[in-house]
Amino acid sequence: MGPLIVFLAALSIFPLVFALLASFTDFKLGSSQPWRWVGFDNYVSLVSNPEIVATFGRTMTILVVALPVQLILGYLIAKVFYQIRSVPGAGLIRTLYLIPVMLPEIVVGLLFGYMLNSRIGIVNYFLGALGLPRVDWFGDPSIALFTIILMIVWQWTPLATIIIYGGLLGIPGEIREAGQIDGAGRLRQIFSLEIPLLRKVLGLVVLLVGIQLIGTFAIIYITTQGGPGSATTVLSYEIYRQAFVFFNTGFGSALSILTLIVVTVLSQLLVRAVFKEEK
Amino acid sequence: MTATVKAPAPGQQLAARRPRKSKEKPRSRWIFLMLAALIALPSVLPLLWLVSTSFKNYIQTQTLPPSLLPGGFNLVNYQALFNAQTLGYIRNSVIVTGSVMILVFILAVPASYALARFKTKKTRDVQFWIISLRMLPAMAVVVPTYLVFSSIGLSNSLISIICMVTMVNASFAVWLCTNFFEDVPLEIEEAAQLDGLNRFQIFIRVALPLARTGLLTVMGFVFIFAWNELPFALVLSGQATQTFPVYLSTFSSITLINYGAMAAACVIHITPVLIVTALLQKHLVEGLSFGGVK
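Keeping their order, the protein sequence lines are chains A and B. Residue numbers for the first sequence follow numbering that gives the first Met the number 0, beginning at 0 and rising by one. Residue numbers for the second sequence follow numbering that gives the first Met the number 0, beginning at 0 and rising by one.
Isolated chain A (complex conformation):
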């Protein structure tokens, strides 16, 4: 166990210390000018710069829209797969359904970028053929973020599904039968039997999917590059832009540190609430 801990500690503690120090400076990568300590200036401008605050807002929009959609869709689809869990051929269908999870986000972004192209994309072609209005998926600032969410939901709902499906399989048959004997209705069974029993599994989905959503980067990097305007500039993309496009390394570090703190606090709260007895 020793080597692993040393390896992981070295790769997590050193960078963290470096970034923490850099976040209190006006350090610019590649710049020949000497850097200065600036105290909390970077952190102050994080919360006072409306552009950055809007970035947090967009990240939260993705979170509060995509997370419930993925949870509910994932749950419903998991129920369908549960119904056919022992039917021959169901395994293959399940695997096909899961393929998006295995793909790199770049491929998803490139592929959807083509399919949703407003001029020659196949989606708009079919919309037109059906007499529906064509949509400017990536060019319309009021739609672009929704398009990003659509791609995320397409790619990651299968992950939520499969975790919930695993949880459904883990509910002992006797408990279900007991519920049926008690004459609980279908809805009743779901809300007072199934969901409480799935608490940990659902907690895991919220944790994994939530962190995934807060970290949304590649799909935006590949499709909209934060645009049009700043309509899809989310937290991770802003970190990338500040640190590696504008070379505001100190500021980018502060943004990274703040993100890490927020994510760690949120996930710890969730872990404490859901997985408490385990400890």
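Any given hint could turn out to be false.
As the list claims (entries may be wrong) - The calculated DSS-like cross-link candidates involving lysine-lysine, where the alpha carbons are at most 25 Å apart (straight line), are:
1. A:199 <-> A:78
2. A:199 <-> B:121
3. A:78 <-> B:120
4. A:199 <-> B:120
To be verified - Stretch by stretch, here's where chain B covers chain A in the computed footprint (C-beta under 8 Å, at least three residues):
5. 98-106
6. 236-248
Treat the hints as calculated values from the structure; they're not laboratory data. Cβ coordinates follow ideal geometry from the N, Cα and C atoms, glycine included.
Model the placement of chain B on the given structure of chain A, informed by the hints.
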């Protein structure tokens, strides 16, 4: 030693359990099967479109109405990829992925065994800390990492990419492998101990072979994650050390027009991913849920 013998891993359970007394009629099963197929369709159709596009020539990708089939296997997009530069990207990706798999195996597997067999409050905390390293948004970790590697002059080398991708995957692997080692019945190890084997021998000759399927599953996932990795490779690679995903990301320009070439490159990238996914089919549930379904 407080570890107890646990039920077999979920995947094995699914196969073995439930010759169930069905309350649903066969007909409703067919309806659900059709429904499932319908649900899987949106996952598959875009991929078919990608493959079809990769065989089209430039004109075909630009005209409306779109031709659903390429009308023949036009290999021009694939041939264009066979040049020293692209093969270099593939070589970089192979080096990164291979090294990450070896390192993860060396670092994570013995550690997982230790975590599975010596359970105390402290090891549980260590386990939690390890998994929490994976639970961070990659981009927020990338900036700090870049600062360290550039300060020691490694920012354009494959070594830095390999280190970071190993870190992310080792934490994932520890979490899963610990579960698999817990499934190895303690009685068998105790019997081996009576036969005079020491801890290390038991690990090599008893635990490793018994946990084989689980470990292979984990390595399959590590392959996919490392092969697909973008954020670290994007920031930590230089001209000569670009991995294939970084090369793919150069298609990202909003003015992208050569969709056929883009599709062919994507198909090349995802072919090994799909092969490994097919091999992992039976173990996808346990792998993707971080073993959290237990």
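Results of checking the hints against the structure:
1. A:199 <-> A:78: Measuring from Cα to Cα gives roughly 17 Å; hence the hint holds.
2. A:199 <-> B:121: 22 Å, holds
3. A:78 <-> B:120: Outside the cut-off at roughly 36 Å; violated.
4. A:199 <-> B:120: 20 Å, holds
5. 98-106: It holds, with 9 qualifying residues against the three required.
6. 236-248: holds (count 6)
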